[in-house]
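Protein chains in written order, with our numbering: chain A, 159 to 502; chain B, 159 to 502; chain C, 159 to 502; chain D, 159 to 502.
Be aware that a few hints might be false.
Copies of the same chain look alike in the list, so a pair counts if it fits in one copy or across any two.
[Claimed, not checked] Listed below are the simulated DSBU-like cross-link pairs for lysine-lysine, each with C-alpha atoms no more than 30 Å apart in a straight line:
id	residue 1	residue 2
1	K370	K204
2	K370	K331
3	K302	K349
4	K349	K204
5	K388	K331
6	K331	K204
7	K273	K303
8	K287	K303
9	K331	K303
10	K302	K287
11	K287	K204
12	K287	K370
13	K498	K273
14	K349	K388
15	K273	K388
16	K498	K303
Treat the hints as calculated values from the structure; they're not laboratory data.
There are 4 protein chains.
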Amino acid sequence: MQSVRTAVIGATGYSGQELLHYLARHPAFRLGLVTSRQNAGEPLSKSVHGLPREMGQLVFVDAVPDFALAEQADLFFLAVPHGTAAPYAVALREGGKTVVDLSADFRTTDPAVYKEFYDHDHPAPALLKEAVYGIPEIHRERLKKTQLIAAPGCFPTSIILPLALFLRAGLIKPGSIVINSLSGVSGAGRKLEMRLLFGEVAENMYAYGVPKHRHLGEIEQELSLAAGEKVTVTFVPHLVPIYRGMLSTTAATLTRPQTDAELQAILQEAYGREHFVEVLEAPELPQARQVANSNRIQIAARVDARTNRLLLFSSVDNLGKGDASQAIQAANLACGRDEKLGLD
Amino acid sequence: MQSVRTAVIGATGYSGQELLHYLARHPAFRLGLVTSRQNAGEPLSKSVHGLPREMGQLVFVDAVPDFALAEQADLFFLAVPHGTAAPYAVALREGGKTVVDLSADFRTTDPAVYKEFYDHDHPAPALLKEAVYGIPEIHRERLKKTQLIAAPGCFPTSIILPLALFLRAGLIKPGSIVINSLSGVSGAGRKLEMRLLFGEVAENMYAYGVPKHRHLGEIEQELSLAAGEKVTVTFVPHLVPIYRGMLSTTAATLTRPQTDAELQAILQEAYGREHFVEVLEAPELPQARQVANSNRIQIAARVDARTNRLLLFSSVDNLGKGDASQAIQAANLACGRDEKLGLD
Amino acid sequence: MQSVRTAVIGATGYSGQELLHYLARHPAFRLGLVTSRQNAGEPLSKSVHGLPREMGQLVFVDAVPDFALAEQADLFFLAVPHGTAAPYAVALREGGKTVVDLSADFRTTDPAVYKEFYDHDHPAPALLKEAVYGIPEIHRERLKKTQLIAAPGCFPTSIILPLALFLRAGLIKPGSIVINSLSGVSGAGRKLEMRLLFGEVAENMYAYGVPKHRHLGEIEQELSLAAGEKVTVTFVPHLVPIYRGMLSTTAATLTRPQTDAELQAILQEAYGREHFVEVLEAPELPQARQVANSNRIQIAARVDARTNRLLLFSSVDNLGKGDASQAIQAANLACGRDEKLGLD
Amino acid sequence: MQSVRTAVIGATGYSGQELLHYLARHPAFRLGLVTSRQNAGEPLSKSVHGLPREMGQLVFVDAVPDFALAEQADLFFLAVPHGTAAPYAVALREGGKTVVDLSADFRTTDPAVYKEFYDHDHPAPALLKEAVYGIPEIHRERLKKTQLIAAPGCFPTSIILPLALFLRAGLIKPGSIVINSLSGVSGAGRKLEMRLLFGEVAENMYAYGVPKHRHLGEIEQELSLAAGEKVTVTFVPHLVPIYRGMLSTTAATLTRPQTDAELQAILQEAYGREHFVEVLEAPELPQARQVANSNRIQIAARVDARTNRLLLFSSVDNLGKGDASQAIQAANLACGRDEKLGLD
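Chain A on its own, in the form it takes in the complex:
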């Protein structure tokens, strides 16, 4: 099969750089174009370390979202902020190209939800209905047929993947869900903010973004889809002093008593054959380090019999399965390839 001409729009943040590293070892996606306003004119190697020599010699270009851009590749990854991504998606989709958007612009299907969480009108509502939410383990068949992928946020992947199936099966009460997540600092992006200095983060940790973090929109959309009814959850993200990693712990009331063995069987049934999902056996619980630099997610379930709650645990690399590598997994599907390509 032919290789796919690939472009990355915006590659100065942590997501963009991570994408470049995954693309460096992808056997079918041939990177030909990388854009960056800030680094335009410089070789990639100047700001992105560890790329193969040839790829490092590629030069950042500054590009606007237009038809000329669409000509230059067939697969485009958008690693620019929300709001900025949509115009690129419009131009590139008009040009008939496949777009994987790592921003939030196409994650929620309802423009009203977008406005609620992002404080401005959706910049391209007409495109919303063709976008597919990019968790392959949940939307695999739809991803095979789309040309517009909304790569999920880092928290949502870790939360939705283990939780949706229990809602779908009616095993937990939708109104009882309490989610706590721990995020590494790269999840906040590569921004010049005082709170992100080493001197402020080391030996520190705190909750933030409560009670209505932006990722709630997509989390509740996907959980509602699974439950077949509107689901509203409590979600508390925390920042911890690690670079990459994301851990989620979810508690929800069971609709009927379960044993650990029954929960394990349910997870195995759902995900036992999934290449990137690691269902842990007791007494193991997910650990950040065990999925770092990978597209894997670790999940585990336990019964809290004393309170009749289900406890769900998951771990992803917030730049991997929670971001760049999952975007590639979804792109593989949209391009008709083996979804594992370039990810092992």
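Guided by the hints, dock chains B, C and D onto chain A, whose structure is given.
Frame of chain A, contents of chains B, C and D only:
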């Protein structure tokens, strides 16, 4: 007033060492005896750094729990493991001395609860009824009259202090409580275990001890006391790569709607005059670094109006207000002193 | 004795905040004024955590270096950048006040050296001759008689203190000195720079500032003074992922063979009676953690007999003995107090 | 070309696990046997995370160094402690197999040097003469013809690679060399020692192993070889709180003045065509993060004109180019393959 002859039993762990540092600046507790099986015969300065020169020259002795030991001081801090502490408490109480036990031996008043969580019979059930649980902000008057203080575990302080008052006021449903805590590594003690190596902890994090961590016994005891009924909670501790620090996030369903301002007023009413409790104003949330090396606890409350839940946040130094410095605060009360002595 | 009315000029950086924490427990320096352009009008407690309640209620003011400022206190600590400090020193010295400058403005006595390392003319050369370099263990008697103290840089303290005496005694060849230092991130200050983000510093380290770091000017000045001849050294600073701490390792060729015991005797003779200098006995070597949050310096010496070199090791808290606490130690002397006041 | 049946002897330490990860993506080395006394009978996946599923199902076996073992593979990596490795090498070489020893047993060609640094007689002196020191950039041709590779220690690679060529060219004085290295904690191995606990390492750093660290034997052997005379150096290793990474800074007196440009040209001439050597251009200096998880080494040189010294800087991943990946690079050569195989 005269100074108090003070002893520390077992000072090779993180708790014991922290105690020594707090005692070094205490104006009334005069340290005269420090025991350690492991370091017996060596000066404190060899293994504990940063002590004043004179205190560093004190020599560790090996001591058994007997009458002769009781003669040597009037106030004893026990910083030995649970099970080991009780025989010391028995001998020292028989000698009429004041005992502050940092282990779990006297935290739960019901020996059956102790057995349930520690897997062996309580080693000194007769002493249980005189022990007072050492959170001064909750049991101040009883602490002034006791000679046996059960210093709380690190998780419980951070959880009980902000939560109990909402149960007492009937503002939350006792069955709806979900607690997630993040602990620094010193909380696990100074033990030779593979999982505690820097190489295993750095850039890592995970949940553990579910669904029935040992501290649940004392947490539920104190919450039940506040609620006036048996309270059972979901509690998920997590290990994160920091040395000292503990953060707790609690979610519970409100019995009637509240505003953030009402919650703030409740916290201010309860703790506004407490010297060591810092009630944060929005948008501030507790941070580990802001209470490190101190006896302070930061707390904050928020309404999650979408789900009608109360969210409580707290931060303590797990070796400070969660351990050694709170033990001194309680000891100050038991010795008839200002509870702030040596803690500012 | 009366307390000293004290002011801190510029307290938003790490140095200024550390100063506030030390002043909070100083029994004789009574803080009455704190300036900050950035935080003017806000209480200290908003940006500086862990201060006693009363001190936290003090409000930052914006102040220019004039006579009116000089009226407001008798002892001024300048925690503003080099270049900015000098005008304050001029105005305050004209007002007859005692000034402790934590910037580089008065560290080198020769304005040409200042210009060489700081790229602009010295802003107040007339004041240079009254300034005393603030290492009490070396310039104690002069510090007792000055009203203008140049608090040393963080690297220089760790380097000069153990090394100068060997030059003074003629035991090492002045041309043979090679110094490597490791600095925690707070040494770089609290600045919005990409390289200081947690995401860039964690799991990273590198040398920088070679071959002519700004601190070389004061290092070589003090070493030359000790040697009685011009000394030029190689100095390589490194950044490591810790918040506070500074370690220096110096190698120099011995003029005649020495044993470890002889070196130990020399250090003991020089510093055995110094309260803040901890001369370690073999096999101990200085560690960053053992002097954190203190005014102590750990030092050790070893012979490298195979190459006939002296090896010197030292550790300071770069915000403590390398900065704020040493400034207070020197100020104690200048104010006629016990130099240990507020530092134990 | 056929794949090579490969075995790893001892895979519970950090080196062994890193080897497994590199072998997992090696296209020609087919892992068939992994031994471990401690984990015998368990699948690799139980203790080594992130391996491909199939490889994770391989079961650890306990194996003694005998003829039967030699039958089971053609290429053996020894990742066991020094002293333990030699008997395996003897048995496997008798069986005609290719051996890559990651321990120190075959790094120094003179058994007297081995005894001097490792305190016991060399366990297999007869094999010493066929062993080749495994830095491909220096001993490439010899590595192509050997069946016994002594993979270098982590410090030596970072030191020898940039330094040897300056000795060979007579540009520095052999007696003037002072080396300071900073090592991540994984360099100390995965051992249950108090000093390696997170609680002891975090926010800490210190020099150790002076004046005669074990790696000096191999460092001086290779430098002497380059200089054509006996070279003795000063070497000070430091432990810093990172997991993986190694930085070395070397100072040496120039035999004649050089400019930065001349030094750069020398490095470019020597290493400009080397795939795994990254010669940095000013003002860049090597950084630990930029070579993490790779077989690359970053190097840079500067003149310290004020003291007429050469300054050399280098960075390697102490588990990568300083250990496991370099072992594979050397093995590729010994097996007649492209040395880059499996390393990009």
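* To do: Mind listing which of the numbered hints don't hold for this structure, in increasing order?
  => 3, 6, 9, 11, 13 and 14
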